[in-house]
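*Asks:* Next come the chains, spelled out residue by residue.
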Amino acid sequence: MSDARARILADVRAALRRTEPLPPSVARGLEQRVAAPQANVQPAVDGDVVERFVAKMTAVNGLVTRLPDRSGISAALEAHCERHHVPTDIVVAPDPALDDIAWSNRFSIERRAARGEDRLSVTGAYAGIAETGTLVLLSGPESPTSLNFLPDDHVVVLDARRVVRHIEDAWATLRSERRTMPRTVNLITGPSKTGDIEQKIHEGAHGPRRLHVLLIG
Amino acid sequence: MSGPAPRSRDFERRAYVEIHNPNLQEAMGLAKQGFVGKRASAVAAVPEWEQLRAAGREIKEHTLAHLDWYLERFEAKVRENGGHVHWASTAEEACRIVVDLCRAAGARRVTKGKSMVAEEIGLNEALADAGLERVETDLGEYIIQLADEPPSHIIAPAVHKTKDQVSDLFHRHHRQYGLTERQTEGPALVAEAREVLREKFLTADVGITGANFLVAETGSTVIVTNEGNGDLTNTLPRVHIVTAGIEKVIPTLDDTATILRLLARSATGQEMSVYTTFSTGPRRASDLDGPSEMHVVLIDNGRSQMLGNEFHHMLRCIRCGACMNHCPVYTAVGGHTYGWVYVGPMGSVLTPLMIGIEDSGHLPNACTMNGRCAEVCPMQIPLPDLLRVHRERQHASRLDAPRARMMLRAWAFLARRPALYRRVVDLGARALAMLGRRRGRLRWLPLAGGWTGSRDLPAPQGETFTRAWRAGRRPR
Ligand code: SF4
Chain A
219 MSDARARILA DVRAALRRTE PLPPSVARGL EQRVAAPQAN VQPAVDGDVV ERFVAKMTAV
279 NGLVTRLPDR SGISAALEAH CERHHVPTDI VVAPDPALDD IAWSNRFSIE RRAARGEDRL
339 SVTGAYAGIA ETGTLVLLSG PESPTSLNFL PDDHVVVLDA RRVVRHIEDA WATLRSERRT
399 MPRTVNLITG PSKTGDIEQK IHEGAHGPRR LHVLLIG
Chain B
15 MSGPAPRSRD FERRAYVEIH NPNLQEAMGL AKQGFVGKRA SAVAAVPEWE QLRAAGREIK
75 EHTLAHLDWY LERFEAKVRE NGGHVHWAST AEEACRIVVD LCRAAGARRV TKGKSMVAEE
135 IGLNEALADA GLERVETDLG EYIIQLADEP PSHIIAPAVH KTKDQVSDLF HRHHRQYGLT
195 ERQTEGPALV AEAREVLREK FLTADVGITG ANFLVAETGS TVIVTNEGNG DLTNTLPRVH
255 IVTAGIEKVI PTLDDTATIL RLLARSATGQ EMSVYTTFST GPRRASDLDG PSEMHVVLID
315 NGRSQMLGNE FHHMLRCIRC GACMNHCPVY TAVGGHTYGW VYVGPMGSVL TPLMIGIEDS
375 GHLPNACTMN GRCAEVCPMQ IPLPDLLRVH RERQHASRLD APRARMMLRA WAFLARRPAL
435 YRRVVDLGAR ALAMLGRRRG RLRWLPLAGG WTGSRDLPAP QGETFTRAWR AGRRPR
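Line by line, the protein sequences give chains A and B. Counted the way my numbering counts, the first sequence spans residues 219 to 435. Counted the way my numbering counts, the second sequence spans residues 15 to 490.
A couple of the hints might just be wrong.
Pairwise CB distance ranges, derived in the manner of DEER restraints [stated by the list, open to error]:
| id | chain 1 | residue 1 | chain 2 | residue 2 | range |
| --- | --- | --- | --- | --- | --- |
| 1 | A | A315 | B | Q190 | 26 to 34 Å |
| 2 | B | D178 | A | N279 | 21 to 29 Å |
| 3 | B | R122 | A | N279 | 49 to 57 Å |
| 4 | A | T391 | B | R122 | 41 to 49 Å |
| 5 | A | D307 | B | H34 | 52 to 60 Å |
| 6 | B | N323 | A | P242 | 22 to 30 Å |
| 7 | A | E335 | B | H34 | 44 to 52 Å |
Rather than coming from a laboratory, the hints here were simulated on the basis of the structure. Remember, predicted model here, so these are calculated numbers, not experimental data. Note that beta-carbon positions come from the ideal geometry of N, C-alpha and C, so glycine has one too.
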């Protein structure tokens, strides 16, 4: 253990009028607070969560296309490439959940992490949050994080049944479905933007210029 | 304490210069309108705002009251996930740790996300001294790196620059990449920076970010950005280093949700910033990307000394910038006038604690006590009260201005003698009323030339409040 560590902890304790670590009885209470987290006050989110998600994501200039089922994914992507003049060499996350997409033969597809020159990526999403129109993306062998940031266009396939009401609901789902946190959890609310030049908002600062959610179901 | 050399003694002269600087005034005018209006509508849209503020305060107070336990819990979780935790008491220690980690990684190029604590400890100078190429990746930070200036706002570091000044900077510095045309439009400038920085992201050896939160539940460090620069910084290089003050720890992911609701609305008027990212340890064995090493440097640098007294309130600060956006002094004189890393009301509280009141005596006095900062502070920090504590300490240790001391002594003498006080005030009011009889206001006053230099004093109507009160003419 380093000197600095001991010194900082001693200084913190001295400031809190203690010399020792917390007594076990108090520490147990804290451990409980951390092990069984409780939501604090939450803003009311009324009505249909999927509609709210769509409205919020659209309000921050995210594109949303609702599809009744997964058979429409390829056509929706073709339309995207045409409208925004994006080449059809695309990178698709090596996610087994995306294996079933029947791609049109116009696309040339690679399944891997992103490289600097990639123009468009397609990934899945772990969840959507209705409160703020936010996507939850987890890193893993099937969903490399670089795909969320390097390409100009990021297309996300989201199952409407995965849209939850509040941020805390996404955490609850994550805790119940996974044993540990993945290396990276990205909460993404719209395309990349900056206000650093005279406070005017410009999109496509470093991350994707366009974020397009294909909402299934 | 240490970090970058302070220039806060120069406040008065600097303020005078900046008030007459047309570029600064133009840039600050735009900023003020933008920030204040956007925050107001974002806050008005949340009926639960005051409850959220109370909850945010409660979370931080709870954590600070058990800070040692939460720091150790956080550390254990980072280690469990394969990350490393380093502790630094001082700015020098923190810089040494980061530089050593960069050296051990054989690094040459280091990308950096925006981090106020990195500014506070003087990390930029330390990296330069170690011969490392540092690339700021937040657009605002990148602009001021090119200009070789410190940040002038904690979330919008280049807020003092006009678009024209940015055009000039890019034109001058981007020639070396073959970009010779002078761009003048916002989108073209953003696109140019994106192009130049893309190459740096892809070739950096180490990425350094700050942290908005450290989560004890999971051992995650959290960054909040709009550009995505922080994410390219913490995903692409082989080594990710996080610099964070020890007050950043909070208990759970649910607690981050509460404070996130306060942060973006207060900072930029957004409901959520575009990217909120939780990093937990290095990449996992089968991951296809992400850093192979992750280090968190926990920095005290004076924080533990604030914990046991009235300044502990300041440790709740989430660096949203709302207090400065609403401060009449800050928006008039700009961030550089403050002469150190932290600016505006929060800076005037923090700077004297970090560099000493001897070097920063003007700051707690550069305040009109209008209270706006405390009203808008999402963490309910009583900023004017804390400034007053500084002033009191200054007075007690005879560090305030001699003339102010003299006036205060005279006032105290009178205030303890009510009969005399009334007579003197009465006399004063009549004299002023007579002096200002013709115009109804005064253009000059003895001993207050500074005040009347830029505005008139309305002349009193010849009677004091106490006298009117006694005569029974009470306001209803
Ligand atoms: S003092 Fe309050 S308003 Fe100012 S930056 Fe900190 S949290 Fe924001």
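*Asks:* Hint by hint, say whether it matches the structure.
*Replies:* Outcome of the hint check:
no.	hint	in the structure
1	A:A315 / B:Q190: 26 to 34 Å	violated (45 Å)
2	B:D178 / A:N279: 21 to 29 Å	holds (27 Å)
3	B:R122 / A:N279: 49 to 57 Å	violated (38 Å)
4	A:T391 / B:R122: 41 to 49 Å	holds (42 Å)
5	A:D307 / B:H34: 52 to 60 Å	holds (56 Å)
6	B:N323 / A:P242: 22 to 30 Å	holds (28 Å)
7	A:E335 / B:H34: 44 to 52 Å	holds (49 Å)
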